[in-house]
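Colleague: Sequence:
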Amino acid sequence: VVYEQEGVFIHSPCGKNDDQDSLIAGILRVIEKENEVVVDWRPLDETLDTSNILCAGKDSSSVVEWSQTPKEKCSRGADRPSSYEAEWDMVTTVSFKKKPHSNGDATTHANGESKWSFLFSLTDLKSIKQNKEGMGWSYLVFCLKDDVKLPALHFHHGDSKLLIKCLEKHVALNESPHDERVLLVKTQKSLSQSFENLFDESSYGLLQKWKKDPYTVTMGRFSKVTNFFFDGFRSSDPSNQRRPPSEMADFLNDTISGLKINQQEEPGFEVITRIDLGKQPEVSRREPVSAEEWAKNMDSEGRILNVDYIKRLIFKGGLCHTLRKEAWKFLLGYFPWNSTKEERANLQKRKTDEYFRMKLQWKSVSEEQEKRNSRLRDYRSLIEKDVNRTDRTNKFYEGEDNPGLILLHDILMTYCMYDFDLGYVQGMSDLLSPVLYVMENEVDAFWCFVSYMDQMHQNFEEQMQGMKTQLIQLSTLLRLLDSGFCSYLESQDSGYLYFCFRWLLIRFKREFSFQDILRLWEVMWTELPCQNFHLLLCCAILESEKQQIMDKHYGFNEILKHINELSMKIDVEYILCKAEAISMQMMNCKELPPAVSEILGMENSSVTPDSDPGEDDGGAELSCPMSLYPSVSTAVAAANGTRDGAPLPSETQSLTPA
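Numbering (my numbering), first residue to last: 1489 to 2146.
Calculated from the structure, these hints are not laboratory results. Mixed in with the good hints, there may be bad ones.
As the list claims (entries may be wrong) - The calculated lysine-lysine pairs, modelled on DSSO-like cross-linking and capped at a C-alpha distance of 30 Å, are:
hint, residue 1, residue 2
1, K2049, K2078
2, K2034, K1956
3, K1633, K1617
The structure displayed is predicted, hence computed values, not measured ones.
Let the hints inform the model, and build the full structure from the sequences given.
Modeller: Okay, structure coming up:
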C-alpha cells in the first residue's frame, strides 16, 4: 500500500430524500500488486468483502458482475484453460456497469443493499478530473480507457493533492489543453508503447512489468502466441480485430530501445552481401565422456592433464550423468582447471563459509526490517512465486514441501545478497534449476549459479543490453547463412527475430526437455568451437524450419505460432550437429565478413573441434575473447598458461568424422 486515505466519500443520489445525497464513507488505497499498480476504493464496512466487485474482462470493454462468494470465485477460476498462466489471471479493470433506468451506478443485490466498491489498474486510467480550488471540498473523477467514468470521490479531509502526487510517481499526468481541470495520462513511452500497440495494454503498465519482470513479460507474451494473437484478437469478425502484421512488426523496433536489425542502419556493422559458404560438412557426435575417460585425463594430485582435449570430448558428446556433478564445476569456472584436489577442497571450504555468511544476512532480517526494505520484499515475493512453478514435473522438485524447492528458494535469496543491484529477475530460477538438480548441494549449486549468471548477467539487466547485442548478431549471422530466408522474414515483417527472444534470454531452457538441456548447456560451456555458439544453435533451428515456413508462405502470425510450437519437439543431437556444421562452414570461408568473424571470435584462426591445433597455424588456438565469460575464462586462462600447445592424445583422431 503506497497511499491510504480514509474519509473519501461517494455522494450517492440514492438518499431517502430525492434532493439529498447519501454520503458513503470509504477508504481509498493505491496498491502495488506484483507488476501493476491499482487504485482501490471501498466502503468502510466492506473493506474485507470482495464478493461484490465488478470485474472487466481482458479486453476492458465487457464488464461482468461478480456476486459469488469467495469460495465460488475460486472454483470459477479453476475452470480456466490450463495454458492460462496464473500471473495473467488478474483483474485488469474493475468499474461500474452502466445500467439503464438507474440514477446511480450502484450494484444492487437481492437484499436491496447498495455496494459501491471499485478497483482499477493504472494501466486502464485515461484521465482524472478535479474541481477548481475554492469550490468546497476537493473531489476527483477517474475516467477509464473504455470511457467508463467512476463516481466522484470527495475528499472531506482534504489530501486529494497527495493522491495526485502519488499517482504521478507511477504515471505521467499532463494538464488537458482543453480543460485545466482535467489531467490526461501520457502514454508515449518508447519501450512500452511498442508493447501497447502489440498487446493492447497501456504503455506504463508494460513498462513497469518489463522493468521489474522482463522474463514474465517475455514468457507470458511471446510464449502464449495462440492466446494473444489468435484468441486475444478474435471476435465476431477477426479481420476487424487483428492488427495488420506490418503494423505490429513496426512496433517491435522500439521494443528494446536501440535495437536495429537492418545492418545498413546499424553503426559499426557492414552490409552482408551474398557469399558462397560452400556445402555444410557432415558432422557426427560421439558417446558422452565416461568416468574412465575423465579419470585417465587427471594426474595423481587431481589436476586435469589436457584441458583442451577434455573440453573437446565434452563438446562432441557431452558428459555421462555421473560426471556432471564434478565436471560442471570446471566448465562453469567454480573450480580452476589447473587446481589440485586439495586446492579444490580448500576452495570449497572457503566458499561454504562465504555462502552461509551471505545467507545469514537475509535470514536474520526481521519482519519489521523487511517492512522498510521494499526491494527485499519484492525479491522475496518474486522468488517465492517462481520457485513454486519451476520444473514441478521433475521428481527433484515435485510435490509439496519438497526440499529441492526450499534449496531453490534459499539459493536465489542468497544471490540477492551476493548481487543486490541485480537481485532477482524472473527467469533466473530456470537457470538455477538444472544446476541444483545436478549438484545436489546447496553451496556448490550457488557458486556454479554465480558463475553462470556472470555469463548471463546482461540478459537480465534493466537496459537489456545483452539481448540487444545478441539479436543484432543473430541477424548478421543468419543473413550470411541464408540471405534469401532473411529477405523472406523481412517481407513478412519478422526480420527482427523477436521470436528468438526466449531462446536467448534463458538459453533454450523452455525449448528442450530437462535432460536435453543438461546436454546442451554442458556443450555450450566448453566455449567451442567458437564464441557465441548459442547463436549458431539459433541459426540451426531456424534453418531447419526454413523450408516449411517458406513453402507454406507463413506470415507474421503463422511464423510466430510455428516457432513457439517447436518447444519440446527439437532433437538436441541433430541441432548440435547442424550448428557445428554451420560453424565449420563459416570457418572454412575465405571471404568471411569481418563483422561475422568478430561475432564468432575467429579473427585469427579457423581451428575446429575436429582439427589438430598442432598441424595448422603453429597450434594457434581459436580466438575467444576472455571478456565474454569472465568466470570461466579466468580458469581457462590459468590452465592455458602452463598447457598451451600441449599435443593432444592420439584419441583425438577418433573425433574426426569419416
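Colleague: What are the numbers of the hints that this structure violates, sorted from low to high?
Modeller: 1
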